[in-house]
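Single-letter residue listing:
There are 4 protein chains.
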Amino acid sequence: MKAAVVYKYDSIGIAEEARKFIEESICSAEIFHIPDKRLEGYDFIVSVGGDGTILRILQEVLKCPPIFGINTGRIGLLTHANPENFRDILPGIIDRWEIEEFMRIEAEINGKVMMRALNEVAFLSNTPARLIGLKVSVDGVEIEDMRCDGMLFATPIGSTAYALSSGGPIIDPYLESILIVPVAPFRLGWKPWVIKHDRRIEIEVSKERNALAISDGQKILEVGNDDEVAVFRSQFPAVFFRSGFNRLERIRGKLMSLR
Amino acid sequence: MKAAVVYKYDSIGIAEEARKFIEESICSAEIFHIPDKRLEGYDFIVSVGGDGTILRILQEVLKCPPIFGINTGRIGLLTHANPENFRDILPGIIDRWEIEEFMRIEAEINGKVMMRALNEVAFLSNTPARLIGLKVSVDGVEIEDMRCDGMLFATPIGSTAYALSSGGPIIDPYLESILIVPVAPFRLGWKPWVIKHDRRIEIEVSKERNALAISDGQKILEVGNDDEVAVFRSQFPAVFFRSGFNRLERIRGKLMSLR
Amino acid sequence: MKAAVVYKYDSIGIAEEARKFIEESICSAEIFHIPDKRLEGYDFIVSVGGDGTILRILQEVLKCPPIFGINTGRIGLLTHANPENFRDILPGIIDRWEIEEFMRIEAEINGKVMMRALNEVAFLSNTPARLIGLKVSVDGVEIEDMRCDGMLFATPIGSTAYALSSGGPIIDPYLESILIVPVAPFRLGWKPWVIKHDRRIEIEVSKERNALAISDGQKILEVGNDDEVAVFRSQFPAVFFRSGFNRLERIRGKLMSLR
Amino acid sequence: MKAAVVYKYDSIGIAEEARKFIEESICSAEIFHIPDKRLEGYDFIVSVGGDGTILRILQEVLKCPPIFGINTGRIGLLTHANPENFRDILPGIIDRWEIEEFMRIEAEINGKVMMRALNEVAFLSNTPARLIGLKVSVDGVEIEDMRCDGMLFATPIGSTAYALSSGGPIIDPYLESILIVPVAPFRLGWKPWVIKHDRRIEIEVSKERNALAISDGQKILEVGNDDEVAVFRSQFPAVFFRSGFNRLERIRGKLMSLR
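Protein chains in written order, with the numbering used here: chain A, 104 to 362; chain B, 104 to 362; chain C, 104 to 362; chain D, 104 to 362.
Honestly, the hints are just simulated from the structure, not real lab data.
Don't be surprised by glycine CBs; every beta carbon is placed ideally from N, CA and C.
Treat the hints with care, as some may be off.
Here are some of the chain B residues that sit facing chain A, going by a computed Cβ distance under 8 Å [as the list claims (entries may be wrong)]:
#, residue
1, V241
2, P272
3, S280
4, K294
5, W296
6, V297
7, I298
8, L351
9, R355
So these bits of chain C aren't anywhere near chain D, every CB distance computed over 10 Å [to be verified]:
#, residue
10, Y112
11, K123
12, S131
13, I202
14, E305
15, A333
16, R345
Sequences are here, hints too, so could you generate the full structure?
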């Protein structure tokens, strides 16, 4: 068994401590600052940083080894421990090896999956303060056609991220589904939609202006009227060690911190 | 095989025509104006009226025979035909006998199921323009504690009814889940919640003032601080004949009519 | 000079102390529990209670003597002191005699002013969980026509009261204007309106169901399709002693307490 | 007397017709495609295009000659005529010479007015899908401190433009005031604010990331944590010929078109 330790730039000290601790008490461990595809080859991943560090790891791995998060940031919805207590928590969690999976979402552009997100794929205007036109169909039925700053396609986990800012509801993390919510829609009478996880969403960008497709705020691509764009549930979920935390309680905690 | 025809008071003429048509071409049929428990004994139900007529039928039936709706009202999200075309549509539908089920929700008061709804159970202040305090827990985790005009617990079908007025999202009718949304919350920083269908929700009314529990706008009970109140998915779904309509398209149509 | 002391039922002790203090150090003073029209004959009013106590006083007085509020309740946006410090604050305020006025709003029914409010006049459905139809015109131009739980016509001060629950903005207390905001509108694509203080608003209740007109949650009247209903700025503002508090800071404080 | 005719690139034909008509029946007239400062020297301006054309003119003129708008675009809230009827309408309007003024808003950066807007000054993150921190004070009182996509400071006229997309209310065009509304705030419990026209607003950008300041979607500047930024009512309103249209009716019409 071997572990990978991935860290946020300001958390290298704790990452070193974590690596040492793992090597002494669990298995061999290597350190990564920039996460890459090789992470798939490890038995588990320890992320040292915030939720953003985990999002960056997930940009690189398709088949995801279980992740254990040591939180050194502000709000850690996805983390399991902090620098003070990870030594007490990690060994038991490795021992029990109980995992939980959270759905990810994929964006396909012209027939090829181009991005993957744990929180959301956003389609935003490529020019600040200028509207784009977006048409959205679900399983072939057009449900929205509007000019807006952008549109978000979020997972349940992502309902507490960018989608929260745009007027979306909170989705139970265990309710597999896709949340569709516009950003600053220049139209009255819109509603967020929560659709079944196995639906296929198609997005058409109007000719006027291109959109930036952005996955979890990490990866950016430009798409235009000529591109065939679809969004759907990924077959490759994010995998985490199950923590003792109640998921609803943690969401409640995050919401409280945002008041 | 025998059918029940239930009608809205202003649609008796069409109900008579429907009964005659069923008797001539399908099976025996009886007419009900006031729906009651005996409807459970019929093989199928034909509702002549609007969605409200179907809601009233569903207040009475636990084990629900398949419903076919002839729409004589404004917006018919749940209906299958209109007075002009039901003769063309009904026989084929009876022939194929394909049904679909939509989840209902139940409210339990002091250990006993007291109401059942296809759209929502609402808890509203018993005094107009006066706040009630409501505390909501999901599987034991408190997610809201607020003063408000009321709180709605809605099904996916109900997301286009009362919950729509109170800022809730549109939920895919095939995504089994419970939508929680406050009515006129006198607090900032709240969010609608969409939770998994198998969760148990508990509601505590504060001492200050009692709440009216109202199912689908039909049945009313008063509950107070002494009452133990829970809401959850019913084991008895509403049953409809499958229609040729695409569900998302019909929702889109209803939303358009509300703009 | 003579003062009136009006108190909330649970604050009689402090009211007695306030009366004694005023008589010893300022002028003669009488105690009222139930506020009535005679309050207009006093030189100033001391309210002992919360904002609700002040709202009840204002229901009775047309020409309003300056009000000084001693807060014994939760959030006191309109009060000047608390039971601990009123002895230090009141004499200086009487000495300086600086007042500020906040606009009130009136509802006229069939040509006669029937109610007056510092916060809002609400028109709500007379049946819980049942919609009413309301059509709203401003200076003869129809701006809304919808089915809803109700509609609020609020003052700037009232923008932090009931209107806040229904999705209204916060209005600067010194910006004379009328805020129109529906309660649970069963229509998509509505917006709150903030209109100039000298506009005349006319409201038409649809035939289907009567509305309850409620001023500041205190006084209730029933109005129907036959009634001619108008709302506008009152010529009789509420009058308060100017306090040392910055108004925006107090609003900010109230908003923080509602998070 | 001399007139300037300013046109949108696709409306040159109508602009030529308008110039000819003015020269034949009113006074001398010159054509501008790119509006510039010299427009201030004309007695009146005829804009041929949409509201965007008028916004571009207003970016250039401080002391504004009265504007007459010929609408060749989609929704013309600010225009007076269309290509078919301007010949009937313009002469009478020039004859009566009744004007109306609408407040503009200015952004001052480090003590110098750097931009002016009829609709809004927007402060947006300089990186798509990345939050900026903004702190907003009104007359020295901090009213918001949040991470968001951006924040809008809009005029009453601007309440039907970008601010409408971000959850702001509709403001009466004759109610001089400033509307503050965040874009995609990553915080719960915020509210739009409508403040008095003579207040001074100060904005502090957090260190993390710079903001783009954008006036009416036309002019862009970058501002950071070191900059002192203020927004307030301009002394130089936009000036229009008074049209026969009722302003509330036109707003209602625009809102209907956005449903």
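Hints versus structure:
At a threshold of 8 Å, the smallest CB-CB gap from V241 (chain B) to chain A is about 6 Å, leaving the interface hint in force. Interface hint at P272 (chain B): satisfied, since its Cβ lies 4 Å from the closest Cβ of chain A, which is below the 8 Å cut-off. The beta carbon of S280 (chain B) comes within 6 Å of a beta carbon in chain A, closer than 8 Å, and the hint placing it at the interface holds. With 8 Å as the threshold, the beta carbon of K294 (chain B) comes within range of chain A, its nearest partner Cβ sitting at about 5 Å, so the hint holds.
Among the interface hints, the one on W296 (chain B) holds; its C-beta lies about 5 Å from the nearest C-beta in chain A, closer than the 8 Å criterion. Taking 8 Å as the C-beta cut-off, the interface hint given for V297 (chain B) holds, the closest approach to chain A being about 5 Å. Hint on I298 (chain B) holds. Least Cβ distance to chain A is approximately 4 Å, under the 8 Å limit. With a least beta-carbon distance of about 4 Å to chain A, the hint placing L351 (chain B) at the interface is held under the 8 Å criterion.
For R355 (chain B), the interface hint holds, since its Cβ comes within 8 Å of a Cβ in chain A; the closest pair sits about 6 Å apart. Residue placement check: Y112 (chain C) keeps its beta carbon more than 10 Å from all beta carbons of chain D (closest about 32 Å). For K123 (chain C), the condition that its CB be more than 10 Å from all CB atoms of chain D holds, with the nearest at approximately 37 Å. The beta carbon of S131 (chain C) sits about 39 Å from the closest Cβ of chain D, which is more than 10 Å, so the claim that it is off the interface holds.
At roughly 19 Å from the closest C-beta of chain D, the C-beta of I202 (chain C) stays outside 10 Å, upholding its exclusion from the interface. For E305 (chain C), the condition that its CB be more than 10 Å from all CB atoms of chain D holds, with the nearest at approximately 13 Å. For A333 (chain C), the non-interface assignment is confirmed: its Cβ lies about 16 Å from the closest Cβ of chain D, beyond the 10 Å cut-off. Its beta-carbon lying about 16 Å from the closest one in chain D, R345 (chain C) satisfies the requirement of being farther than 10 Å from that chain.
Comparing the model with each numbered hint stated earlier shows that all of them hold.
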